[in-house]
Structure formats: C-alpha cells, structure tokens
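A.B. asks: Below, each chain spelled out in residue letters.
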Amino acid sequence: MRVTDGTAGARILAFGGYQPARVVTNDEIAQQVETSDEWIRSRVGIVSRRIAGPDETLADMAVAAGGKALAASGLSPADIDLVIVATCTPEAPIPNTAATVATRLGIVAPGAFDLNAACAGFCYALGTASDAVRAGTSRHVLVIGAEKLSQWVDWTDRSTCIIFADGAGAAVVGPAEAGEAGIGPVVWGSDGGMADKIFIKDRRSFIVQEGQAVFRWATTALHPVAKKACELAGVDPTELAAFVPHQANLRIVEAIARKLGAPQARVANDIVHAGNTSSASIPLALSRMIERGEIGSGQAVLLLGFGAGVSYAAQVITVP
Amino acid sequence: MAMNEAEILTGLGEIIDEVAGVPADQVTPDKSFVDDLDIDSLSMVEIAVAAQDKFGVEIPDDQLKNLKTVQDVINYVRNTGVSA
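From first to last, the protein sequence lines are chains A and B. By the working numbering, the letter at position 104 of the first sequence is numbered 114, and the numbering carries on one by one without gaps. By the working numbering, the letter at position 36 of the second sequence is numbered 41, and the numbering carries on one by one without gaps.
Hints should not be assumed to be uniformly reliable.
Claimed, not checked - Some chain A residues judged to face chain B by a derived CB distance under 10 Å, without partners named:
(1) Glu220
(2) Gly221
(3) Arg226
(4) Thr229
(5) Thr230
(6) Pro234
(7) Asn259
(8) Ile262
(9) Ala265
(10) Arg298
Claimed, not checked - DSSO-like cross-link-like pairs, simulated, lysine-lysine; straight-line CA separation at most 30 Å:
(11) A:Lys207 with A:Lys237
(12) B:Lys70 with A:Lys78
(13) B:Lys73 with A:Lys238
(14) B:Lys59 with B:Lys70
(15) A:Lys269 with A:Lys207
(16) A:Lys237 with A:Lys269
(17) B:Lys36 with A:Lys238
(18) B:Lys70 with A:Lys211
(19) B:Lys70 with A:Lys238
(20) B:Lys70 with A:Lys207
(21) B:Lys36 with A:Lys269
(22) B:Lys59 with B:Lys73
(23) B:Lys59 with B:Lys36
(24) B:Lys59 with A:Lys207
(25) A:Lys207 with A:Lys238
(26) B:Lys73 with A:Lys207
(27) A:Lys211 with A:Lys237
(28) B:Lys70 with B:Lys36
(29) B:Lys36 with B:Lys73
(30) A:Lys237 with B:Lys59
In short, the hints are calculated from the structure, not lab data. In this text the structure is predicted, and so the values were computed from the model without any measurement. Where a beta carbon is used, it is the ideal one built from N, C-alpha and C, also for glycine.
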C-alpha cells in the first residue's frame with residue numbers, strides 16, 4: 011500500500027481571536043449572586059469577562075476568529091484542506107461545528123471535525139493538525155478553539171458563574187522546511203479517575219466544578235507535563251519568551267509558572283479581562299499578546315492546556 | 006526521625022511566608038488561618054501541597070477543611086507522620 015509523502019515539520023502561520031462585545035463586570039455579577047469584585051479578583055483573578063449575545067452562536071464566534079486567522083495567514087480559503095474546531099459547548103451533537111464554519115468561511119469540501127478535550131482542546135487540536143501536516147494528510151489546517159460556556163453555566167451558582175465566559179481563537183497551520191519546525195511534539199494525557207471533578211451531567215444540567223480538587227491537581231500534576239514538552243522540543247525553559255497556559259484561574263497560572271523554572275518568560279494573564287473561555291483561552295491570549303507586541307516572530311512559547319476529563323496537552327511553538 | 010513541634014512550626018512558617026506572604030514570625034500555634042492570617046481556601050491547598058513535600062505527610066482536601074489553626078496542622082502532621 012502507498013502512503014502519503016510527509017513534510018519535515020509544521021508551523022503556525024497566523025493567529026486570530028474573537029470576543030463578544032458584551033463586557034460583564036464583577037460588580038454586575040455581584041448584583042445577581044452573593045459575591046464581590048474583591049473576592050473574585052483575589053480568588054480567580056478575573057476583573058471582567060465577555061458573554062455572547064442571545065443570538066450569537068458558537069459558530070458565529072468560530073467563524074469570526076477563523077476568518078481573522080485566515081486573513082492574517084495570507085492564504086485563501088481554497089488553500090485550507092482541514093478544519094478542526096475544539097469545543098466542549100457545541101450547539102448540537104450533529105451536525106458538527108467545523109463543517110458549518112468551513113462553509114461559512116468559503117472553504118470548500120475540507121476534512122472537518124470537532125474535538126472535545128475540554129479546556130485542553132486547543133492544544134490537542136494543534137497537535138493533531140501538526141501531525142496531519144507532517145504526515146502529508148493535509149497541507150494547511152485551520153484550528154479553532156471556540157466556546158459558549160455562558161449557556162452551560164448556572165447563573166445562580168457563585169462558584170462557577172464568576173469564572174466561565176465566551177470567545178474563540180484560531181490558528182492556521184502549514185508545512186515547514188527541515189530545521190524550521192514551528193510546532194514541537196505534543197505531550198498529551200488524561201485521567202478519567204478524576205472525571206467527577208469538573209463535569210456537566212447531561213444536556214439539562216450546568217457545569218459543576220470541585221474547585222479545591224482541581225486547584226490541587228493543576229498546581230501539582232502539570233508542571234512536569236510542561237517541562238516534558240520543552241524537553242521534547244529541545245528548548246530549555248529558560249529560553250522561552252512566554253508561557254501561555256489555559257486561562258483557568260490566575261492563581262493556577264501563577265503557581266504553575268513558578269514551578270516551571272522560566273523566570274524570564276512572560277506569563278499570559280488574559281483571564282483578567284477574558285474570563286475562562288476553555289478551549290478558546292490559549293489562542294485568544296496568544297493573538298492578543300502578538301497584537302500588543304508582547305511576543306515577536308521567531309520566539310519560543312510554551313502552551314499548556316488542561317481541564318475536564320481530566321485531560322491535558324502541552325507543546326512549544328514558534329511565534330509566526 | 007519524627008519532627009518535633011518546634012521543627013514543624015518553623016517549617017510551616019517558611020511555607021506560609023512563601024505561599025501567602027505572611028511573615029514567619031506571625032505564624033504562631035494559636036493563629037487561625039482564615040481569621041488571623043487572612044489565608045483563603047486555595048492558599049490552604051498550596052500550604053497542604055508544600056507541607057507534603059516538606060514533612061512527607063499528605064493532607065487530603067476532606068481533612069484540610071478541618072484544620073482551622075496552625076496548631077491543628079502541627080497536630081495533624083505529628084499524628085499522621087511516619088516515625089522512622
């Protein structure tokens with residue numbers, strides 16, 4: 011049997027991000043449930059978050075972010091042959107989000123599928139896209155992380171409604187020459203034994219999270235995963251320009267960063283004004299850091315996704 | 006060798022200083038974590054994790070919620086710690 015000719019490596023050509031217009035402040039939430047701006051800032055680090063409008067769908071946000079990344083990449087829709095949407099909040103079980111998003115972006119007949127690894131989804135999708143390009147299965151992949159968590163949150167539950175938010179982020183992945191690989195090997199894993207720590211029981215239920223257990227897991231189990239991704243990429247943590255973990259909780263982000271051993275790296279803190287957007291948080295943070303000039307072309311950045319499952323994935327990328 | 010009470014207190018002081026920025030000399034046995042030292046539930050988890058590294062004693066979440074004062078943690082470490 012014949013197999014496809016692969017390429018030496020894969021790289022990210024461009025990022026794009028989209029946030030809904032509506033800003034919801036801590037004070038606004040404090041009018042609905044027993045909490046305060048000070049409490050939310052000190053426990054999770056969020057000052058405000060974005061919530062989708064009533065008629066704004068998951069696909070709308072995915073199209074907006076994907077369109078920006080595609081435009082920034084300089085490619086045309088015809089160049090894209092695979093679309094992956096990482097999400098844990100699809101509008102319906104079928105059809106998937108990716109095929110709809112592809113058609114709305116003018117991408118004709120690509121491979122298209124949704125991927126659910128909860129808040130680790132973007133790093134899983136990026137690893138999958140990178141390997142598809144390297145294997146020669148695809149030439150250019152549009153990877154999108156998109157979530158509308160607001161519709162899965164109980165807005166009377168003060169332990170979760172202060173955290174979760176809506177948004178989308180995207181990356182275009184394409185081939186790289188030997189020695190120019192821009193996406194390092196993915197380190198991924200899971201532990202279904204902790205499935206009861208973050209879950210949505212069924213389609214009539216809301217998201218439930220055991221905050222302390224998740225905090226303990228995230229601050230003890232994940233820095234070795236992050237270090238392993240650096241090791242496999244041949245990049246020492248001290249060479250990282252930035253560390254962009256899933257924006258779960260600013261205190262988790264800071265605790266993992268302390269244990270990483272990369273004091274020079276800029277640590278993403280997008281959660282402050284974006285909230286926790288699950289699989290969208292990493293590409294959203296990256297696109298904003300690039301927009302602001304906080305990270306520059308050619309620099310090495312470590313990504314670390316983690317969340318319900320529990321599941322996790324990490325890889326080092328080169329900024330396009 | 007099992008640690009004595011003073012050694013555990015010294016170790017806890019170092020941990021609490023690092024995790025919560027509370028000077029070690031303020032960490033005395035009678036202090037309440039929440040009321041006196043202004044330490045919240047997430048910082049308590051960080052203290053438990055650091056205590057496990059330092060004292061070799063695991064403090065699970067369901068036990069952690071019962072530890073209200075510095076003395077409670079000292080007692081837990083002494084009573085749970087493996088004497089060798």
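A.B. asks: Can you give the numbers of the hints that this structure goes against, from lowest to highest?
C.D. replies: Per hint list: 6, 10, 12, 13, 17, 19 and 27 violated.
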